[in-house]
Amino acid sequence: MGNPKAFLTIDRKEAGYRPVLDRISDFGEVEQTLNTGDRILQASRCMDCGIPFCHWSCPLGNIMPEWQDLIYKGKWDEALDSLQSTNNFPEFTGRVCPAPCEKSCVLALSDSPVTIRENEAAVAEHAFAEGYIKPKLPKKRTGKKIAVVGSGPAGLACADQLNKKGHSVVVFEKHDAIGGLLRYGIPDFKLNKSVIDRRLNILSAEGIVFKTKSEIGKNIAIKDVIKEFDAICLTVGSGEPRDLKVEGRELKGIHFALEFLHQQNALVSQKEVPGPELISAKGKKVLVIGGGDTGSDCVGTSIRQGATSVIQIELLPQPPENKNPDTPWPMYPNVLKTSSSHKEGCERRWSLNTKQILGKKDAVTGVVVEEVEWSKDENGAWKMTPTGKTETIKADLVLLALGFIHPVHEGLLDELGLSYDNRGNVEVNALMQTSKSKIFAAGDTITGASLVVRAIDSGRKVAEKIDSFLKQ
Amino acid sequence: MNSLTEKGISAGEGLYSSEFEHDACGVGLLAHINGSKTHEIVEKGLQVLENMVHRGAEGADVESGDGAGILVQIPHEFILLQGIPVPEKGKYGTGLIFFPKEEKERKLCLQMTKEIIEKEGLTLLAMRDVPVNSKILGVASGSNEPLVKQIFITGGENQNDLEKKLFLVRKKIEKATLQSSLKQKRAFYIVSLSTRRMVYKGMLTSLQLREYYPDLTNANFTSGLALVHSRFSTNTFPTWDLAQPFRLLGHNGEINTIRGNRYWIEARESILKSEQLGDINEILPLVQPGMSDSASLDNILEFLVMSGKTLPHALAMLIPESWNDKNPISNDLKSFYEYHSILMEPWDGPATLLFSDGRYAGGLLDRNGLRPARYLITKDDMIVVASEVGVIPFEASRIKEKGRLKPGKMLMVDTEKGEVYYDAELKETLAKAHPYSEWLSKNRISLEDISSGRNVKNNVENFEKQLKVFDYSKEDVEKLIIPMASEGKEPISSMGNDTPLAVLSNKPQLLFTYFRQLFAQVTNPPIDPIREELVMSLTLYIGAQNGNLLEASPDLCKMVKLSSPILTNTEFDILKNLRYKGFKALTLPMLFDPSEGPAALEKAVDELCHKAEQAVNDEYHYIILSDRGVDENHVPIPSLLAVSAVHHYLIEKRKRMQIAVVVETAEPREVMHFALLFGYGATAINPYLSFAVLDDLVKKNDLQLDFHTAEKNYVKSINKGLLKVLSKMGISTLRSYRGAQIFEAVGIASDVLNKYFRGTTSRIEGIGIEDIAKESIASHKKAFFVNDDKDLENKGLYAYRKDGEYHAWNPETISTLQLATRLGSYKKFKEYTNIVDNKPNPVFLRDFMQFKKGKSIPIEKVEPASEITKRFVTGAMSYGSISREAHEAMAIAMNILGGKSNTGEGGEDPLRYKIGEDGLNRRSAIKQVASGRFGVTTEYLVNADELQIKIAQGAKPGEGGQLPGYKVDQIIAKTRHSIPGISLISPPPHHDIYSIEDLAQLIFDLKNVNPQARVSVKLVSESGVGTIAAGVAKAKADMILISGCEGGTGASPSSSIKYAGLPMELGLAETQQTLVMNNLRGQVRLQADGQLKTGKDIIHAALMGAEEYGFATSALIVLGCVMMRKCHINTCPVGVATQDEKLRKRFVGRYEYLVNFFNFLAEDVREHLAEMGYEKLDDIIGRTDLIEFVPSETNEKTKKVNLSKLLALPAEAAEYAIRQVKTQDHKIENVQDRELIKAAMPSIELHVPTELSRTICNTDRTVGAMLSGEIAKHYGNEGLPHDTIRCTFQGSAGQSFGAFLAKGVTFRLEGEANDYLGKGLSGGKIIVVPPKGSTFEPEKNIISGNTMLYGATTGEIYINGIVGERFCVRNSGAIAVVEGAGDHCCEYMTGGRTVVLGEVGRNFAAGMSGGIAYVLNEKDNFDYFCNMEMVELSLIEDSADAHELQGLISAHYRYTASPMAKKILDNWDTYIDKFIKVMPIEYKKVLHDEKMEAIKKKIAQVEYDY
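In order, the protein sequences belong to chains A and B. Here the first sequence is numbered in our numbering, starting from 1 and rising by one per residue. Here the second sequence is numbered in our numbering, starting from 1 and rising by one per residue.
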């Protein structure tokens, strides 16, 4: 394998981001890339561990040591093969994955894990640039037809896998473009949409049929779909956002994060957004409620739109910096995460509970928050104690990034009469079948909102199950 | 009588099998060269025996010996005096017979005897009741005692005719006995039957022989020669018939290849014809079944002699000396050996053979010469040959000559002619008997000499599918084949194997993976195939043997010679198409049709066997078993199955010799695969798919070599690996390894083994033939019908993969354990135990076990954790293999817990012997004594609570190790008493343990140095380990550690980690059963290790018999190890297994974590005990009855696993102890040292000089060690001022004279010494001179034995005479002057000075990495005898060298008054030119670097002054 001693002499080197002033004026990707020489050196740092914890912690089971070595040897094509043997879309995950692999890299013990995520993106980009990724048509068609409902990462992965096995796949998407959250949830500055289009071209050329603006149950009859297809896979995501039930919630200027992000992505794609519906942060004091990744995306988008100030608040306490003894290696660490957006000029605060939203003339003007204290009970569960200390944060745009509770029930899922689990997700058995025999489900639809890698993994797994089902 | 059956434990119920028995012994031969018969010879013979008592063994009841006996000439007068009307000498034959005591059976035997004698035309003249003294017998020997009678037979035309007929009579009686209805066939045994000699023997101790047979002490009982033997058997149930001497032989040694030798003899039976012996069928089988290896060898020797060969001829055929290029023997003799090597494979193994047919008598050593044999000839023509000198005292003036048998050499006396024949003379006669060279050159062709113009392809069609059919994985290619092809050697790996046994795996497995290599431990030494290459050989011959082996004829050597048994495609093509001298080959496909289902395999194999037989009938010279031609409709038969099936089938049909079996197969890729194919009978192998892989790699540029280099490297790797596998078992030649089946099967059903792998042990049952078929079909199906991927699968065997093979150490277990021990959270620890104890599928055999839960008791009633942690030890990991931080953390933790940590091999910094300033105790309680003896000083030994002799290591049993020079930094060098930058080699064997009695000697040595410490012996689990452990218990070890093969290592060849040794459970259970059955368990403690992880594991180990438990990998994991498996490249990223400063800073482990870990384990144990209802661990030790077998339904294969043998509780458990209840009696109360210490006390306490004088004899062993231990306890290695205690000894010193002698002690020995003199010398001085009054020239006579100064660190030694083999082996600092030495002088030396004022044997300086030797090269041939691999030779040019040498020789003269030294010093200017300086290259570089460093410093200094 590679160079077993490289990690001793070569330091971790991240490509880094474009300068703040440069990047906030556009929606181009913020992350830069290393030159090939440096990339190879970075890959050479992989130690080919006896137990590759990276591979273990990757939901997809990407075999990091193998393709790091192949990068080191300059065999980009084989590196791609290795990656794609476990991951359909390394160009997506290479950009947006929070990289549990790097957190459990053995070199993370000494705080300098291999730059696995960037290396992954590099492999994918190399492969596209060199033309290694070409449409490969299945050798023969089985004649079986599958409908995939929803075109997020789970749906795409499922469709890709089934198509490779020779089944005929139609992907139904209710929006005007394919990609689900990849398309309308993740800002362009993190994932340029041309990256999705590039992949969709390949998938289409390989024979997958994509139908946009096709909402089953609305403009397509459910029974037709059930009749026409041998199997149906629901990958509709987990679209029901968590709401904030406080006084003043009805005021204008309060939006769910995804409405805001969706619009911006549409705008970047030169799509029209009707004036009255337009949510703009321009010249506004923006308050983002929710300290997660989506909140962070709202921060970056607001800044780009020209907000005068951006504050992000979080109910939970500030996690420790660098290391957290509660989540030691090789677990995914719960530590303070500072995204590129955070560095673009935003204030972040923790342990704040939103009590009330204030407004003037129907429009939001500020938010009353109360400081809370957190402690752990004897079972180790977090316990919140209000302190009574309240203050008002001024804001004229409030974005709610509080996560999602479960898939949208009304409409398709209810009409299909599927059972839900106690969290409201679609219930599936070990074969990933829903309560209706030939209807399968995968991704956030069955697990609740999660990572892109998990969605891809779920999509791959459901494809296996559907394939077995069809062979019966 | 078979004691096993009598006791109701029929073979097969438990794990013990009589097949595993080993013995080693003391042997001696006395003769009047002129043949005069006296009673004195008999008497002295008995004395020899009695003076070698320490070489024999006693069982649990001290009155039962393992066996003793004497071979004498027929005492004619004595017989007449008994009133037996025998005719004159030579006209009658006689011998003792053991009859069954049961009358009916006895009558049957008698009747049989009479009939056969009559049938042969002879007359039974008389039968005498031999008087015996049964009263002295012990329980075991008494219960087996036969009725001893002596018969007298007359007839025959002349003495030779009668002699032959007596042989036939005996063989026919043996045959008739086998076919008879006798219940106890073993009880009827003819001790000897001859006109010239007779044997008295029995299950006796050496001391009992004379008392048991009053005949022997009768003054009229006379003989001209006496051959005596005392047996030290590892076996549990010594029997009367296995006592030695046999009919011609007394054997001290072990035939490692015995299984193969017996099968090949069987195979040969059909082509043996002897006019002398008539119809051979009447005396078959030639090898008497159920006997020992020595007995089988005696059978064949006797047969060859009876068919007309002389004793030397027959012996040279059976135990040939090494005759490759490195051996200085004549070409004629080499031809003799080569010719005979075609007829007979060597009976390979360590051996001193003493033989006599009543007229001739002599001795022979095997090629390695690992068992000592010294001889002495007196001026009045008496010769004594024995394992030791001093067994019979002679006045100095009577001695004419003292010598030793050298490796591979023979010595023989003709008592009729009164002549002594030395080796050269004997062999010369043999070599000249026929024109062997000419016969060979006309008939035998070498494959490498033939070239062909044919174009051979190295690729194969359908390559990717073929790879899948034969189950090649990505790891096979990347981790095995590529490294082999690029480096020319097997890849190295580290840490242990934690994947499931093949039979437990859910993935299809190659049949190869169900087998494990056996290896030598204790009873015979493994060999170092690199440093001792001169004895190794891979040469094989292909061809048919149809002629009569007993008649010398050129036709017999019509063979193709292969110097490498791995055939390249080109070589194979030549062989296949060879028409030379009518060679004919037939290819038989190894394929079957999958459409007929699994049953097709069995049918196909049967057909293959029949076709092979037909090929013999059709007079083909060799068959090619080929798996080419695999396609959709053809599945390959596993090559191993095909080869072994055909091999055994042909043996059974007695047609195996007539044809050679060549295998053309895609299957084998790694060393183990090839070793198996050879081990089960293949003659040559063409691994065409491996070559195709190479071809593909070269074409893809994944290997930047041309194909031929890659191919050459690959073949070289396999060949080197094969040598390693052979040498692990102590076998030197592939010819004897072939068919020797040195393997055990794990997880194969016995019906499969009995049918296709006859003689192979399997103890847990497992897969049947249909499962083998299914696995083959599964891979085939995957390749052709399922998997279309281009890529090979990665099976995750070497590195964890999510969908690969299960690893017991995986991310979950590692991270949970680390977290639990760091946080000190028992709750988290229980999460860990839950993951480990409730694995989804069984991985270890213990996963099939559940303990029976009794009535639970409150946990408070269970003994406290502190009692349990006392039983915990950490594994032997040297400082060097792991970092100082990790090493010390373990010591501190174990000292806090009352457990024990282990130094590992590599010494310990004396600073750690004292409590640290922080109040922490860093001293390792266990000090390991391994084969390298690094840092093993007297001080080291006295600072121990336990001294552990490491015989083998779980991850690489039978192998040595090497610490490369770049890892030996200042501090490591200091603790190892070596020089920084110099490579340190640990030899495969301990050079002072070649046999079980040697181990007893080392235990005695260590016990003397440090009487307070217990002595333990570390063994590795394999089949037969129980019997070895029994021997070790008899050798008086206080504790025996049974290590599982899953154990870790810092560096070892991958195939050893994977394929050598057995799981802990099998070894532990076998040991427990054997020790209990033998009533030895009570006197020895048992410890077990091997992937122990939780309290449940500990309880299982306890139930199977272990009192103590070892943890190594788990302890490392607690300290931060994440199973990188990078120990061998020094890049451990967590600072555990590295010496790199930067990486060591990353170490985050703390001893507190270990304290948590072990306390948690103890708590876990307590909880289980409470649940089971027991208060103490002691209450459940050995209680296999409390284990319940839980069958596993995981897959078809696991369902078939059966642990009933493993869980059997011996019936003796009712009566005998099943755990340790008493301590060993080491018999060190009355050793000479006790008196020496008393006398020297003023010196020790006040440093006043002491001068002593004493007599000494060979039974005074290890003199000086206890005294030195006493000094080291006071002063450490510093010792006393030079020469403070001076002691002169007169006589023959026993073994280990001056062992570990401390500084300040000077021993002067006037007389002679045995083996191991100056072992571990730690600063003392030893002088050995011939006795006063001797007249022989000292520089021409041997004065001391083998393996001197082994592991010496400092001190001086001056010897006025010649010494045996391996002088200064692993010397790391002592100064030695000697006047001649045997083979392998200065082997593995790392420091010090050796001066040899005379000739040396072969292989001088092998593995020598440090120190300097000066050798007097008078014959100008030293370079031939020197192994030049690591040293360079020069004349003495440097004046400093000359000065040093002169000083050393002057000292030698001053101490010994050596005439030789005087001559040299007097003629210094002439002699200085005759000396050669032997300088290790590495050492030279280090010295050079040091010099440069000094110069640099000086220059820097100069500049500074400016």
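Where hints are given, some of them may not hold.
[Stated by the list, open to error] With a cut-off of at most 27 Å between alpha-carbon atoms, the simulated BS3-like pairs for lysine-lysine come out as follows: (1) A:165 - B:474; (2) B:1497 - A:136; (3) B:782 - A:5; (4) B:576 - A:461.
[Said to hold, decoys possible] Part of the chain B face toward chain A, derived, beta carbon under 7 Å: (5) 441; (6) 465; (7) 482; (8) 799; (9) 800; (10) 804; (11) 1123; (12) 1129; (13) 1133; (14) 1144; (15) 1146.
By construction, these hints were calculated from the structure, which means they are not laboratory data. Ideal Cβ positions, reconstructed from N, Cα and C, are used throughout, including at glycine.
- request: Of all the hints given earlier, name the ones this structure violates by number, lowest first.
  value: 2, 3, 4, 5, 6, 7, 10, 14
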